[in-house]
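**Q** Hey, can you work out the whole structure from these sequences and the hints?
Chains as they are written, first to last, in our numbering: chain A, 21 to 540; chain B, 15 to 500.
Quick caveat, the hints were computed from the structure, so don't treat them as lab data.
All values reported here derive from a predicted model rather than from experimental measurement.
In this text, a Cβ means the ideal position worked out from N, Cα and C, and glycines have one as well.
Hints should not be assumed to be uniformly reliable.
Said to hold, decoys possible - For lysine-lysine, the following DSS-like pairs were computed, each having C-alpha atoms within a straight-line distance of at most 30 Å:
1) K337/B <-> K49/A
2) K137/B <-> K432/A
3) K339/A <-> K236/A
4) K169/A <-> K431/B
5) K189/B <-> K81/A
6) K428/B <-> K134/A
7) K81/A <-> K188/B
8) K40/B <-> K171/A
9) K67/B <-> K171/A
10) K337/B <-> K354/B
11) K40/B <-> K169/A
12) K169/A <-> K63/B
13) K335/B <-> K354/B
14) K171/A <-> K428/B
15) K137/B <-> K81/A
16) K169/A <-> K43/B
17) K394/A <-> K352/A
18) K134/A <-> K431/B
What the hints assert, rightly or not - Take a look, some chain A residues computed to stay more than 12 Å from chain B by CB distance:
19) S237
20) A242
21) R271
22) A308
23) R317
24) D337
25) T359
26) D386
27) E436
28) F504
29) A510
30) D537
31) R540
As the list claims (entries may be wrong) - These stretches of chain B come out as covered by chain A in the derived footprint (C-beta under 8 Å, 3 or more residues):
32) 110 to 119
33) 195 to 205
34) 455 to 469
The residues making up each chain are set out below.
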Amino acid sequence: MTTTPENSSEVPLRVLDHNDIFRDEVYQKQFEGKREFEDAAPKEEVQRVLDWTRGWEYREKNFAREGLTVNPAKACQPLGAVLAALGFEGTMPLVHGSQGCVAYFRSHFARHFKEPVPAASTSMTEDAAVFGGINNLVEAMENISALYKPKHIAVSTTCMAEVIGEDLFAYIGAAREQGVIAEDFPVSYAHTPSFVGSHITGYDVMLKGILEMLAKSPDADASKVTKSDRPRLNVIPGFDTYVGNHREYRRILELMGVDPLILGDHSSSLDSPAEGEYFLYPGGTPLADGAQAKFSRASLILQQTSLHRTTEYIQKDWKQETVVLETPLGVKGTDAFLTEVARVAEVSVPTELTVERGRLVDAITDSHAYVHGKRVAIAGDPDLVIALTRFVLELGMIPVHIVSTNADSTFKARMEKVLSASKFGSEATVWPEKDLWHLRSLVFTEPVDLLIGSMQLKYISREAKVPLVRVGFPIFDRHHLHRFPIIGYAGGLHLLTQLVNTILDEMDREAPDHSFDAVR
Amino acid sequence: MTTTPAPERAETEAMIAEVLSQYPAKAAKFRAKHIKSNDPEGSKECEVKSNIKSRPGVMTIRGCAYAGSKGVVWGPVKDMVTISHGPVGCGQYSWATRRNYAHGHLGVDNFTAMQITTDFQEKDIVFGGDTKLETVLDEIVGLFPLAKGISIQSECPIGLIGDDIEAVAKKSAKKNDIPIIPVRCEGFRGVSQSLGHHIANDAVRDHVLGTGSGTFEQTDYDVALIGDYNIGGDAWASRRILEEMGLRVIAQWSGDGTINEMKSTHLSKLNLIHCYRSMNYICTTMEERFGTPWTEFNFFGPTKIISSMRKIAEFFDDEIKAKTEAAIARYQVRFDEITKAFRPRLEGKRVMLAVGGLRPRHTIGAYEDLGMEVVGTGYEFAHKDDYTRTYAMLKEGTVLYDDPTAFELEEFAKFLKPDLMGAGVKEKYVFHKMGIPFRQMHSWDYSGPYHGVDGFAVFARDMDIAINSPAWDLLEAPWSKAGEVS
Ligand code: SF4
Ligand code: SF4
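**A** The following block contains the structure:
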């Protein structure tokens, strides 16, 4: 054995990359030298401004913003529409408008899921902006059909198409008339203007568009529903990027003797196996099942804000009960979910799930001393933030700053309900429509022990030296978190593990030698 | 080692025909002009058509003009605030994803990895966004006092609702005493990122270039490093070489760059351009306006680095030439060490590429230095002059694809069975499923630098990691081995 690896070793040469190489003196001198040409502010001046941006005066100026948005925790509508489409069998998302947006949606999801993300664009350019994009849409349908052979195309729009007022319904009709798609080929559509709402709005309207279309398709026939002695319930997770959640909903309902129908199930399309062959459409809610969803006994709606319009549609058009719940995170959230499932399906909760509940509670009792009283800031999509807040309250943590850039008018009231239900909720301040630059001010002026939210909070985390527990979307910089559930008792255990171990890691990192304990 | 020989011209043509036969007639006819079997002589019949609209629905890998202007040219300028002007999406998706490294404190004297936007709402579309823009500019000046300038990057709606961002910028610049540059890079303009580069260059020309008088004493060895976006520290690795040659880099465009450098670039004696596609415009402008000569160079891999260093040194005196030769002699030792370590592990491996406007040709030499061969390559948004520079670098019969679609890349990969694919993150996971090693060649797959001597070591290591990972041996389950029906 040699200590310096030779060519025969699997690591033939020690190579320094960007993480290390620029620490070298040559580079440090280079960086110093470059300042001469930068006309950079003196270092003391930078420090002075930096300190100022962390104080109360800056916070007030920052909160007085009327037009400027800095580091928002939200994306635009068609992104959500693409996710909704990917939840259905054989579906190609087609976004009508300029093509750059679609490149962005695909790369954004690819970075999060570490998966291929098919989506096509109608590639409208300047002339189409003037004359309309009907030909673009028709040709897109023709090309998609030939190359990508989908069973269904789900059309949404970029803001370009919305600003010039494109008529999707008419254009899709034209594509049928011109014979590029068959008369009965399933096409759903939704207008998704980016200057209204956010990605969750786009998810909502696209899902509604798909369900509406399917509910009118030939498969939407009660006599075609496979007979089962188990009651069928629709599960609608919403803009939920945890593929593990989709599987967990299914597992829980099956354990309860219910036949689950997940509407918008992207757990295969965005988590497919590597086996040597690429499949464009590896899964999704079967279109026939989607068509027959209206015959299910009830729909469980698990994100209120993100599914607002879909809920309205189901309540109006489907003759079934709708159960609208906060996303089932943690013990009480999952309790409420199981209770409702048991009630509508007329089943009882099996021992297995009661045991799982007990395990989660047991784990919480094991960890409670470390999480108790920890001050947290939470940011993200409104429904997720509400559910997370309820969970951290169960653990005895103290939510301090709660930010949701894309919250709607129901947010504050729903959050108040959650907060007032716990003695640990009294310190929380709730900030709908604020961004992460606001959150930065909050964290510097009123410090917390822990941040919970997407990877976009990592800048605050590093600067304010507050550890971040990554929950939500997007998470580009840590792997596989989305493959595990965060809902249900099993999901609660994953979240708890992340929370407590992040706190323990930090405690170890900061511990004086004597307190660097072997047992925690 | 490898296996399938590079296909001859006829074989390539048959492959292309087979792939095109899957298209509807109209699209097939169009795509046929963009996919060719290479003729190193660059004959007429093998000429690849480029910089033309993508067909709708084909899943192009291209982005838009905004991406070219905000993402490539303006975004990396670290002491300027870049406003994504319009709805929230565009800026959100391009937030910090290109890895243009820069020194400075985010939000204080460095504004690169931030998403600063006017976040248009319906009323801004209906009544126009100029008032909001005006407010936003004032707020930026108030919250970011060390910002040295602001650029307004137009998203699609701006050009459609008739806003006058030029007027707002002018007024606010005067009021706030700071350069404010309006850029008309709406995503629907042009056919790809490319027009965005051009529009961005023109905005620099009209608002920034030549407005500085330099904060330094001039020397005969002053050069500017143009078209290096400092991805994973590329520009720093390149600058190191130039400095070791005895040259003085007075401006970096635009990775880790500042507006002051851009303002004073006309004081440069020679402009060195790496990414020709995205910044040739400004070089031509400086040549016309200030008589500054410019030259292309390539800092990927030993062969190209050495020939580029010599080419650059030719513009200077003997002292520089001597320093250059001395540097080359030192580098050679390191190059030998790197190739000795990695070449045996990569020899004969075959590579397919599909990247932006430069790397499909500029990295060929680096692969060859490692004993690898590029068996298919193409650009996302190149022009004719890029292909002209490419033909001679490739063997006869190598497939060239312009603006390749998702379908084509997958099909060509099935035919060519490359040992490595180099493209973007949208393509990456398709090839992982297929069991084809992959490197993301836009942002260096979160690694880098790849430029320069230090970058070549990282490049070689990364290609080795991709190709020689034991992960690729795990794809097949023992019970589904050969013989079974699929
Ligand atoms: S905000 Fe509009 S232009 Fe930007 S990515 Fe979204 S749809 Fe496209
Ligand atoms: S190297 Fe390629 S991808 Fe990068 S900026 Fe230039 S053209 Fe774009």
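**Q** Going through the numbered hints above, which ones does this structure break? Give me the numbers in ascending order.
**A** none
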